[in-house]
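> Start from the sequences and build out the full structure, keeping to the hints where you can.
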Amino acid sequence: MTPPFPTGSNSDLGRLYRTMRRVRSFEERVGELFVRGQSAGSMLHLSIGEESAAVGVCAAMKPQDTFTTHHRGHGIFLARGADPNRMMAEIGGKEAGYCHGKGGSMHIADMGLGHLGANAIVGGGIPAVVGAGLSARHKGNGAVSVAFFGDGATGQGILYESMNMAALWKLPVLFCCINNQYGMGTRIDNATANTALHERALAFGLAAETVDGLDVEAVAEAARRLVDGARAGRPAFLAVDCYRFFGHARKDKSPYRDPAEEDEGRMKDPVAHARARLIDTGMTAAALDAMDGEIDAEMDATIDFTIAQTEPPLASMFRDVYAPTEPEPEPVRARIARVLART
Amino acid sequence: MTPPFPTGSNSDLGRLYRTMRRVRSFEERVGELFVRGQSAGSMLHLSIGEESAAVGVCAAMKPQDTFTTHHRGHGIFLARGADPNRMMAEIGGKEAGYCHGKGGSMHIADMGLGHLGANAIVGGGIPAVVGAGLSARHKGNGAVSVAFFGDGATGQGILYESMNMAALWKLPVLFCCINNQYGMGTRIDNATANTALHERALAFGLAAETVDGLDVEAVAEAARRLVDGARAGRPAFLAVDCYRFFGHARKDKSPYRDPAEEDEGRMKDPVAHARARLIDTGMTAAALDAMDGEIDAEMDATIDFTIAQTEPPLASMFRDVYAPTEPEPEPVRARIARVLART
Amino acid sequence: MVEMTYREALRQALADAMTENPDIILLGEEVGRYGGAYGVTRDLIKEFGAHRVIDTPISEAAIVGAAVGAAMTGLRPVAELMYVDFIGMTMDQLANQAAKIRYMFGGQIGVPMVLRTQGGTGRSAGAQHSQSLEAYVMHTPGLRLAMPATVADAYHLLRQAMTCPDPVVFIEHKALYTMKEDVDLAAEPLPWGKAAVRRAGDDLVIVTYSRQVHHAMAAAATLAAQGIEATVIDLRTLNPLDFDTIRPFVERAGRAMVVSEGVMTAGVGAELSARITEECFDFLHDPVVRVAGEDIPISVSPALEAGSVPGPALIAETALRMLA
Amino acid sequence: MVEMTYREALRQALADAMTENPDIILLGEEVGRYGGAYGVTRDLIKEFGAHRVIDTPISEAAIVGAAVGAAMTGLRPVAELMYVDFIGMTMDQLANQAAKIRYMFGGQIGVPMVLRTQGGTGRSAGAQHSQSLEAYVMHTPGLRLAMPATVADAYHLLRQAMTCPDPVVFIEHKALYTMKEDVDLAAEPLPWGKAAVRRAGDDLVIVTYSRQVHHAMAAAATLAAQGIEATVIDLRTLNPLDFDTIRPFVERAGRAMVVSEGVMTAGVGAELSARITEECFDFLHDPVVRVAGEDIPISVSPALEAGSVPGPALIAETALRMLA
Ligand SMILES: Cc1ncc(C[n+]2csc(CCOP(=O)(O)OP(=O)(O)O)c2C)c(N)n1
Ligand SMILES: Cc1ncc(C[n+]2csc(CCOP(=O)(O)OP(=O)(O)O)c2C)c(N)n1
Ligand SMILES: [Mg+2]
Ligand SMILES: [Mg+2]
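Protein chains in written order, with our numbering: chain A, 89 to 431; chain B, 89 to 431; chain C, 645 to 968; chain D, 645 to 968.
Partial list, computed: chain C residues near chain A (C-beta under 10 Å): (1) 769; (2) 937; (3) 938.
Straight line, CA to CA, 20 Å or less: simulated SDA-like cross-link-like pairs of lysine to any residue: (4) A:339 with C:946; (5) B:227 with C:664; (6) C:690 with A:343; (7) A:227 with D:665; (8) A:341 with C:687; (9) A:150 with A:171.
Bear in mind the hints are in silico, worked out from the structure with no lab data behind them.
Note that the structure is a prediction, hence the values are computed from the model and not measured.
Yeah, the Cβ is synthetic: ideal placement off N, Cα and C, and Gly gets one too.
Take a look at the structure:
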């Protein structure tokens with residue numbers, strides 16, 4: 089598979105906009121899947137408002153690069169070139185999903201695209217990039233590994249353990265903190281005394297910057313600088329400032345947020361900003377609308393696709409606990425039957 | 089018990105020297121206890137070379153203050169006013185020890201002196217001071233809580249989680265890192281890319297300094313500044329630079345260290361330095377020798393004391409798993425006997 | 645008698661205890677302004693203030709560690725771990741510190757803290773948000789372990805936990821929060837550490853706890869319709885474990901089933917099975933049968949999720965097999 | 645045949661595997677320059693270089709997490725946890741990540757890593773450096789678990805672990821490192837997952853693993869002198885658990901004792917007891933008897949330490965009682 093990696097020449101604003109728009113459209117459809125009672129559960133975390141982080145950073149990555157994401161990782165994976173049908177099917181818990189319905193929204197992964205996995209543990213995916221960095225160094229394949237996580241994950245000690253190792257070993261690793269200002273109901277200034285998060289990375293000896301997520305080109309530029317640096321042995325940290333447009337998960341209406349703050353936060357819309365810039369530079373609204381319409385149609389189809397898919401077969405639950413060469417765990421029912429059939 | 093807290097007026101150089109000298113002498117006796125086969129095990133970590141950290145920081149503490157220590161904590165507790173006999177007896181695994189022989193060298197504690205416990209888990213005692221800080225705030229008793237730990241503990245994520253909380257909540261807490269340059273066989277520059285450890289604390293929003301442990305007065309002064317600040321709601325971090333004179337534990341001869349480095353490191357002797365300063369300021373060597381002799385005699389006696397003590401009775405092993413009001417766990421032997429005696 | 649939910653009963657227990665004892669503080673992620681991920685601490689911050697209902701950063705290890713330090717210095721912290729699945733980050737502070745401090749320090753001090761958390765399946769929350777990890781706790785000397793199944797126990801066990809001199813891990817079940825029952829909160833509760841006989845019957849004994857109590861009761865009702873009378877014992881606390889209540893029922897029935905939602909291998913059911921066998925061997929017609937979670941992770945797919953843990957059907961089916 | 649220590653056999657296994665497979669790397673605290681806290685990796689850094697024998701900061705959680713990431717990207721990491729007592733800091737990475745990745749991701753990828761560590765009593769190392777925590781691992785689906793008792797197994801099980809497609813927790817025993825045995829490293833080893841019958845006898849079966857195998861053998865020798873013949877089964881791996889080897893011996897003897905150094909409650913012995921009872925119930929004259937560590941922390945006092953775990957005397961005494 090040769091995915092549409094938005095790398096190199098593909099990173100002009102038009103492409104960045106298009107990819108962000110796809111993320112936005114997909115996430116809206118995730119919300120709809122839930123409303124239609126077709127999602128597997130309600131733990132759906134939309135990345136609306138943070139598209140520039142996903143798209144800008146992925147634009148700086150190369151095909152051999154790898155990454156881990158957090159629970160709000162749909163956008164990142166889409167930006168990397170995921171198949172939205174297989175993503176949506178996974179979110180619906182269907183057999184046709186990336187993980188055959190075992191993972192769901194918070195555990196999508198795809199080795200083909202270097203996606204080492206989303207994670208439902210805040211901070212849980214971070215140290216893996218240290219290992220991926222060791223692999224890249226060992227194999228000399230020039231791969232960078234990027235850990236994507238939220239501002240809330242800066243509360244987790246494992247981030248600092250991982251940054252320390254990456255800096256010590258000069259690994260090709262980027263720590264990308266998507267700072268949407270909230271961890272569930274907790275605003276960043278209620279979670280830490282110093283909200284200039286990149287200063288921590290500096291203190292561990294990494295290159296580190298904070299960039300305004302409103303401007304996807306700025307994000308892409310900063311990401312390129314830091315990813316290239318990481319590839320050359322200067323591990324880095326990038327905080328992308330943005331705003332979580334909606335609730336933490338699908339059911340959360342953010343009653344803990346000031347509506348005025350929300351209004352202002354939603355002004356920091358990287359998609360709208362890029363669109364305005366494109367119009368400034370001569371693109372017509374009609375052309376953009378046409379593109380948007382195409383995207384929305386593609387994303388609408390993911391819902392129909394998902395609804396049409398089957399649930400994984402019950403017996404599949406015993407699969408993949410261990411390698412396929414190994415025996416599957418004995419089902420409880422079988423065990424009980426065996427024990428009681430003894431006589 | 090009113091311990092000889094070396095606070096306030098007691099912090100003149102003579103007293104600081106005396107306390108450091110007691111630590112040095114005690115630690116030498118711990119080594120001897122081991123050589124004589126009278127210690128409980130060989131996991132004995134001597135703080136020789138780091139006396140100024142223990143003594144300088146304890147001099148800044150008040151009676152109501154609390155603290156936790158690491159596996160190399162004898163000196164700190166002595167500086168706080170511990171009874172060397174009960175300490176040595178604990179190191180010998182004897183009933184008369186601070187913890188009745190259950191804790192040993194790495195788990196000495198004494199609530200009377202605010203010692204919330206030594207710890208055999210690197211970093212394990214750090215977060216407790218956050219809780220102690222919450223207590224102090226809740227009770228308004230003006231207590232500061234100090235976490236003592238080694239440079240190696242800066243590898244542990246829990247340090248950063250704890251510093252972040254302390255800074256966020258403006259707790260009366262001091263994080264004191266005794267940087268003896270080594271974690272077992274690993275020199276600090278093989279454990280981190282940026283050895284200016286206090287910069288991390290700054291990045292989390294704490295007050296932070298590094299002080300040269302050669303000069304106990306400088307340590308005491310920095311500690312007083314930071315402890316007073318912590319008491320006023322400005323949590324802080326203090327790194328005390330020193331050198332681990334001997335091996336990591338009793339059996340380690342530090343083959344991984346360059347002898348030239350060791351020679352130079354052992355020049356950073358806070359006890360010798362204070363002694364020289366005292367002589368400069370008019371004390372006679374004879375007077376100091378007399379003091380030293382007295383101290384050595386007191387510490388010699390701890391060995392005899394320990395050897396004369398009894399081991400804890402076997403049945404005591406079931407005590408203190410739970411509160412004394414609760415039944416003790418049923419011994420395995422009793423359980424087996426009961427099961428097999430059924431008929 | 646008043647009707648309330650499990651969630652409300654838990655909240656009430658916290659509120660009542662906090663009113664009585666000013667040294668009780670709550671700390672955890674989202675316990676304050678947000679009111680708790682499952683709403684248990686809703687508005688307690690308004691009642692008791694941000695100094696007693698403390699929103700923390702996402703730092704599970706330090707939350708537990710801070711609770712340890714608070715407990716050692718005169719507070720009675722009730723820490724919340726949003727999901728028991730996150731216990732992995734706290735196991736050092738829990739098992740090496742909280743559980744051992746009294747012992748290591750020769751009885752000088754205890755760690756009277758409660759770690760409230762919730763576990764179990766039922767929300768398609770996937771492999772890292774649906775586990776039943778009580779066996780880790782039960783295997784750790786020094787930790788008490790309570791798992792309420794009923795609304796009354798949600799209240800009383802939590803009240804009792806907040807007076808326990810030793811650290812208590814208190815595991816709620818996410819599928820029970822909205823369950824409503826009539827309760828008399830003022831009634832004398834069963835003592836801490838005592839199991840409840842939810843139903844008595846002479847044909848077989850089902851020993852279980854937490855949500856599986858309800859599944860066992862449903863199964864027992866089905867069985868009763870077929871003339872089979874089961875005893876259902878709700879352990880309420882796994883440490884202490886009340887074997888005295890179990891023994892006579894097993895001796896009478898001669899058949900015992902143990903049910904847990906956690907995975908079977910080396911789980912709570914193994915302990916219960918071993919223990920019943922040891923204590924009642926000569927009375928057993930059959931080996932003790934373990935009904936438990938499959939030895940696999942939990943899937944997000946609702947079908948696989950539900951299929952991987954016991955339910956009333958499996959319990960009833962197993963009972964019928966035992967009595968066939 | 646060559647005589648070597650358990651420590652040397654482990655080192656040899658690492659060296660031989662690293663020579664054969666350039667993707668094997670070691671990482672952990674003090675594994676390089678220091679040579680390992682217990683000397684297992686002595687001088688491997690000289691042989692294989694600092695890029696393959698990696699000294700880490702004191703960051704257990706990230707060590708395991710880094711191993712996970714390395715394993716997912718084509719390396720075969722062997723991480724070292726200096727003491728199994730530190731597993732608490734790694735449980736999230738171990739149980740929520742390493743153990744579940746293959747499953748959560750629908751079988752796309754495995755995590756072929758080994759986590760070497762050591763546990764047990766014997767050095768007066770106190771409550772936080774003397775534990776036997778294998779039950780936590782055994783209760784976690786997705787993790788394989790090996791615990792070698794002999795010098796030959798130290799070599800062969802470790803070699804096998806390094807070819808296992810799934811994460812293996814490999815727990816050595818600190819009291820065995822200096823044990824010397826004659827071994828033929830070139831001999832065909834027992835397959836991975838197969839238990840070893842160390843001694844066969846018809847009077848009772850002792851099922852155990854790791855250091856307790858030696859205690860059981862010593863006890864069996866004592867018993868033999870009194871005319872009692874015990875079978876001693878060394879499980880070698882606890883996951884997979886080889887019940888097929890156990891069954892016929894228990895059916896023949898009708899009496900089984902399970903021995904573990906870890907604490908009794910909800911421990912490995914509980915699983916073994918439950919399992920044997922389930923599978924061999926009709927053959928049992930007596931309930932399976934658990935000999936295990938006391939349900940208490942380990943003291944630093946040598947007397948209390950030794951008194952809190954099984955030894956040959958307790959095993960022999962228990963056997964005699966069983967056969968009385
Ligand atoms: C270890 C852990 N602790 C807590 C949670 C519950 N939780 C899920 S998301 C979240 C907030 C995370 O905030 P952030 O990292 O900023 O990511 P965002 O949701 O803003 O994208 C919390 C507390 C979790 N999943 N894992
Ligand atoms: C969590 C944990 N990891 C590893 C160890 C083993 N260990 C004991 S002391 C030590 C070195 C600690 O170095 P440092 O913190 O600098 O303290 P120092 O020994 O220099 O006083 C190590 C790795 C441990 N006891 N706990
Ligand atoms: Mg956020
Ligand atoms: Mg050090």
